[in-house]
Amino acid sequence: MVLKFMVLKFMVLKFMVLKFMVLKFMVLKFMVLKFMVLKFKVLKSMVLKFMVLKIMVLKFMFLMSMVLMFMVLILMVLMLMVLMLKVMVIHRDLAARNILLSEGLTAKVSDFGLSRGEDIYVQTSKRRVPVRWLAIESIRYKRYTTKSDVWSFGILLWEITTIGGTPYPTTKSESLARKLKGGYRMPKPSNCDDKSYVLMRK
1 MVLKFMVLKF MVLKFMVLKF MVLKFMVLKF MVLKFMVLKF KVLKSMVLKF
51 MVLKIMVLKF MFLMSMVLMF MVLILMVLML MVLMLKVMVI HRDLAARNIL
101 LSEGLTAKVS DFGLSRGEDI YVQTSKRRVP VRWLAIESIR YKRYTTKSDV
151 WSFGILLWEI TTIGGTPYPT TKSESLARKL KGGYRMPKPS NCDDKSYVLM
201 RK
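Once you know that position 118 of the sequence shown is 118 in UniProt numbering, the rest is easy, because the numbers rise by one and skip nothing.
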């Protein structure tokens with residue numbers, strides 16, 4: 001009887017130890033799973049942060065390459081304008097639509113259909129002209145000089161900055177001269193820096 005009691009006591013004790021070990025193992029397993037979930041969340045967060053950072057870096061590199069390309073384009077157009085000034089040519093239709101890019105991204109000014117080889121040209125014909133790219137004196141008095149082309153260059157800069165936006169989008173062509181004479185100038189595009197905008201307005 002005593003032996004049987006001792007065996008039962010031992011078995012109960014053994015069962016309690018086993019139960020305690022199983023509970024300890026379950027707690028440990030739960031803690032490991034919790035740690036793995038936490039580690040997964042941290043890794044997921046790090047991967048997402050890395051992806052966002054990578055996208056931001058790629059976006060920045062793309063924007064910088066676009067800015068650089070636009071700056072090179074603008075410099076090439078300026079060089080062509082200086083050349084036209086030297087040979088006394090008034091282009092009269094300087095706009096983004098008339099800037100061609102060759103395979104090597106070399107800018108070429110095209111469409112000399114309205115150009116004149118004079119210091120000052122006063123239009124006497126009723127030929128239609130691109131009003132939104134014209135200087136105030138050209139719209140009002142049909143008077144063109146190399147300075148008129150400089151005005152058109154400012155509009156060209158605005159077109160490049162807005163990636164092909166139409167100048168004075170909210171203004172009708174008929175009321176443009178009056179509005180410009182009153183001091184109106186196009187607002188600064190959202191992706192344009194202050195220095196470029198000052199250059200556009202000169």
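Think of the hints as simulated: they come from the structure by calculation, not from any bench. In this text the structure is predicted, and so the values were computed from the model without any measurement. All C-beta atoms, glycine included, are put in the ideal place defined by N, C-alpha and C. Among these hints, one or two may not hold up.
Stated by the list, open to error - Derived CB-CB ranges, DEER-like:
#1 V82 <-> M51: 24 to 34 Å
#2 T170 <-> N191: 47 to 57 Å
#3 K19 <-> K59: 52 to 62 Å
#4 K179 <-> K59: 17 to 27 Å
#5 L85 <-> K126: 40 to 50 Å
#6 K59 <-> K108: 48 to 58 Å
#7 L85 <-> R128: 39 to 49 Å
#8 K126 <-> M69: 45 to 55 Å
What the hints assert, rightly or not - The calculated lysine to aspartate or glutamate pairs, modelled on EDC-like cross-linking and capped at a C-alpha distance of 20 Å, are:
#9 K147 <-> E137
#10 K108 <-> D93
#11 K147 <-> E118
#12 K147 <-> D193
#13 K142 <-> E159
#14 K59 <-> E174
Do the hints match the structure? See the list:
Under the hint 24 to 34 Å, the C-beta atoms of V82 and M51, about 47 Å apart, miss the expected range. Roughly 19 Å separates the CB atoms of T170 and N191, a value that falls outside the hinted 47 to 57 Å. The hinted range of 52 to 62 Å is satisfied by K19 and K59, whose Cβ atoms lie roughly 59 Å apart. Taking the beta carbon of each, K179 and K59 are about 36 Å apart, not inside 17 to 27 Å as hinted.
Distance hint check: the CB atoms of L85 and K126 are about 28 Å apart, inconsistent with the given range 40 to 50 Å. Checked against the hint of 48 to 58 Å, the pair K59 and K108 fails, with Cβ atoms roughly 30 Å apart. Between L85 and R128 the C-beta distance comes to about 26 Å, which lies outside the given range of 39 to 49 Å. The hint said 45 to 55 Å for the Cβ distance between K126 and M69, and at roughly 39 Å that hint is violated.
In summary, the hint linking K147 to E137 is supported, as the alpha carbons are separated by about 10 Å, within the 20 Å threshold. Pair hint K108 plus D93 holds up; C-alpha atoms about 14 Å apart against a cutoff of 20 Å. For the hint linking K147 to E118, the alpha-carbon distance of about 12 Å falls within 20 Å, and the restraint holds. Under the criterion of a C-alpha separation no larger than 20 Å, the hint pairing K147 with D193 is inconsistent with the structure, at around 24 Å.
As the CA atoms of K142 and E159 are separated by approximately 23 Å, the hinted pair breaks the 20 Å bound. Taken as a hint, the K59 and E174 pair is broken in the structure, with Cα atoms around 41 Å apart against an allowance of 20 Å.
Comparing the model with each numbered hint stated earlier shows that hints 1, 2, 4, 5, 6, 7, 8, 12, 13, 14 do not hold.
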